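Chemist: For this one, chain B is given, so just place chain V on it according to the hints.
Protein chains: 2
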Amino acid sequence: MRREGIALVAHSGGPTAVINASLLGIVEESRDTFKGLYGARYGLEGVLSEEFIDLHSEPTELMRQIGNAPSSALGTSRLAASDQDLDRIIDVFKKHEVRVFFYTGGNGSMGTAQQIQSAAADRKYDLQVIGVPKTIDNDLFATDHTPGFPSTARFFASALRDIGADNLALRNQVEIVEILGRNAGWLAASTALARHHGDDAPHLIYFPETRLSLDTFLADVERVFSRLNRCVVAVCEGQLNDQGEPFGADVRGGSRGSLAQNLAHRLATLTTQHLGLRARSEKPGLLGRCCGPFALQSDRDEAKACGQAAVRIALAGQSGVMVTLHCDRDPYRYHTGSVSFSDVAFRERTLPVEYRSPSGNDVTPAFVTYAAPLIGMIQPYACFRRLLSDRNLT
Amino acid sequence: MRREGIALVAHSGGPTAVINASLLGIVEESRDTFKGLYGARYGLEGVLSEEFIDLHSEPTELMRQIGNAPSSALGTSRLAASDQDLDRIIDVFKKHEVRVFFYTGGNGSMGTAQQIQSAAADRKYDLQVIGVPKTIDNDLFATDHTPGFPSTARFFASALRDIGADNLALRNQVEIVEILGRNAGWLAASTALARHHGDDAPHLIYFPETRLSLDTFLADVERVFSRLNRCVVAVCEGQLNDQGEPFGADVRGGSRGSLAQNLAHRLATLTTQHLGLRARSEKPGLLGRCCGPFALQSDRDEAKACGQAAVRIALAGQSGVMVTLHCDRDPYRYHTGSVSFSDVAFRERTLPVEYRSPSGNDVTPAFVTYAAPLIGMIQPYACFRRLLSDRNLT
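Chains B and V, in that order, give the protein sequences.
According to our numbering, the stretch in the first sequence is residues 1 to 394, in order.
According to our numbering, the stretch in the second sequence is residues 1001 to 1394, in order.
So that you can see chain B by itself, here it is in the shape it has in the complex (with noise of 0.2 Å):
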């Protein structure tokens, strides 16, 4: 089947380990199909730009090479499209006979994909706009999770277990690691599948779902290093205080609000001041999204799935959706589907209560099983078992 007008794909919001795998899947099911496929350089910038790379004429072993790749190898950008903005999207949509758009995104994203839908609509402009999830954050509805996820938990999660065996060996010191997940604490709880004794780091895992008076957080750090003589805590980048602040990080303006830069520092500061104990931080921050040794096969294969359903959902004549993934796990398998943006634009998945301890400071069992098959067994290291006191053998 080859269809006139021409498909676009541009990608939006940070880069993850297998956005590109998404954008493989598109390019080798688009094949003989639309006249032509291109990618926007940087988002939406290079939609407002025409600035396209032709990617049916790019080499097919530098399109697999580049499929293995993490980050955007078209560039993205965080551009919210204002009115203006979606007039010039719909004019070089016009001029280039773009008669489908594949917008690669999180919710955020989705919410401009609606919006260039509607915008084509009232110029009576005939345009597919079709959704392709992506977001390390997971925090989109709709979907069993979201492509990019699984990499950058299996990052956080293995970072956890190497920073607990660090801890293990020099002891007497708390050790805050800083998770990435803005509002969501998906990928904080995705640490718990570090551990494989009971005594094993993370100790605590803080989500911003819920917020946490320094009071109790002091009180965890002590109770546990009172115990082992070590003690590390993930929190989640974003959160918040019982008076709704980042316990006086400093914080930065974005998109999508503020949130602080150097919470886990804060904190560590904090634990000394309060408790008079020797503490570190750590933040991997960005490299936890975009570390190419830490992409899961598996989180590529996915994301390859949903590009390539976004080209059959197109070819089908739909429009308006987002490609879903659907789970079963007892044997893993999944299968994409679609939702309409209404259902997931603008809307943040958080973690939910059932997959929060009521502690406040773990996961539930029923998280381990819903992440377990997504992210992997993480090995645990051989220990002496003499290293490990008394008290802490489980």
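These are calculated hints, taken from the structure and not from any lab test.
Just so it is clear, the structure is predicted and the values come from calculations on it, not from any experiment.
Keep in mind that a hint or two might mislead.
From chain V, some residues computed to sit far from chain B (all C-beta separations above 10 Å) [to be verified]:
1. Ile1066
2. Asp1199
3. Arg1227
4. His1326
5. Thr1369
Taking CB as the label site, the calculated pair distances span [to be verified]:
6. V/Ala1080 - B/Ala219: 27 to 37 Å
7. V/Val1368 - B/Gln65: 16 to 26 Å
8. B/Ser359 - V/Ser1359: 34 to 44 Å
9. B/Asn229 - V/Leu1062: 20 to 30 Å
Ideal Cβ positions, reconstructed from N, Cα and C, are used throughout, including at glycine.
Modeler: Frame of chain B, contents of chain V only:
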């Protein structure tokens, strides 16, 4: 050859990804030699408290697995021995018939090893003390490099490649990445191995060997950003400004002086304040020294060889020396040697001037020649040439 008396091994200072490989080398090389081989739990603290692990009675397969695991399986300590501690250490050695002491650590630890050697001599106690080199900072004299450095260098070089790929895709942002290394720029320098094209990250690398004025830093960042619309900076945690202060960052006291805890965050804040640019900071921190997935087999092999050499030196009757590595680079080969404690104790080998470019913000080709065989190739990611603007193409 079977010798009377017990051999004891202890770890000192921060763990590394391969310190357990040195332990494995000692365990394997010493079978059927000493009357017994003990490991001290948590370094000198375990000596003082007489807490030992009988290493020859541990299962061979477990030892092999531990040899591949990062962090210290014995536990380690930063204890600097007081005169009272030295008395106690010799008493414990007498009580347990310890005649050979293997101490694994950096330049401070070799100073302690020397003190223990002297304390035994003063008390007419026949004791051999052999040092095994270990530090990610690579700041020991008389050895080509230190086990643990290559794996951590690879972690940070890989991290800069990945953060660079993220920064290229999202652009319009300055990224400050904090690198371990205290007062020595070896690890910061190693991030240069991430580059394959002239405009790849890191765009600026700073070394603590030279003070850096805020004006110079800001001018460097502005120059890079105005040309590329992006900028990734690698800065060592021990970097000081021209007043000898860490740019207003928080410092904590340590056994070897104060060290900034949030240097990269502080520099990002100053970048935004003075240049009006969006800036972020990342601090992988301790993850860099214990990250199992980045441990190099070549680093493990050399670490193990150092442990084996320590045993051979002991059996040859030597004492008061540390094992060293000596390398040819074309083709790469290594062999072990030894050096007197007095040549390495409490002396810090910083990054030599011939490895730092006159500009103060990059390495020289000579450094790459030195480091590349240790760290290996950091594979570049496939990308569309069209993504890079023309001025970015090399």
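Chemist: Each of the hints needs a verdict: does it hold here or not?
Modeler: Tested hints:
no.	hint	in the structure
1	Ile1066	violated, 5 Å
2	Asp1199	holds, 15 Å
3	Arg1227	holds, 17 Å
4	His1326	holds, 29 Å
5	Thr1369	holds, 25 Å
6	V/Ala1080 - B/Ala219: 27 to 37 Å	holds, 33 Å
7	V/Val1368 - B/Gln65: 16 to 26 Å	holds, 25 Å
8	B/Ser359 - V/Ser1359: 34 to 44 Å	violated, 53 Å
9	B/Asn229 - V/Leu1062: 20 to 30 Å	holds, 24 Å
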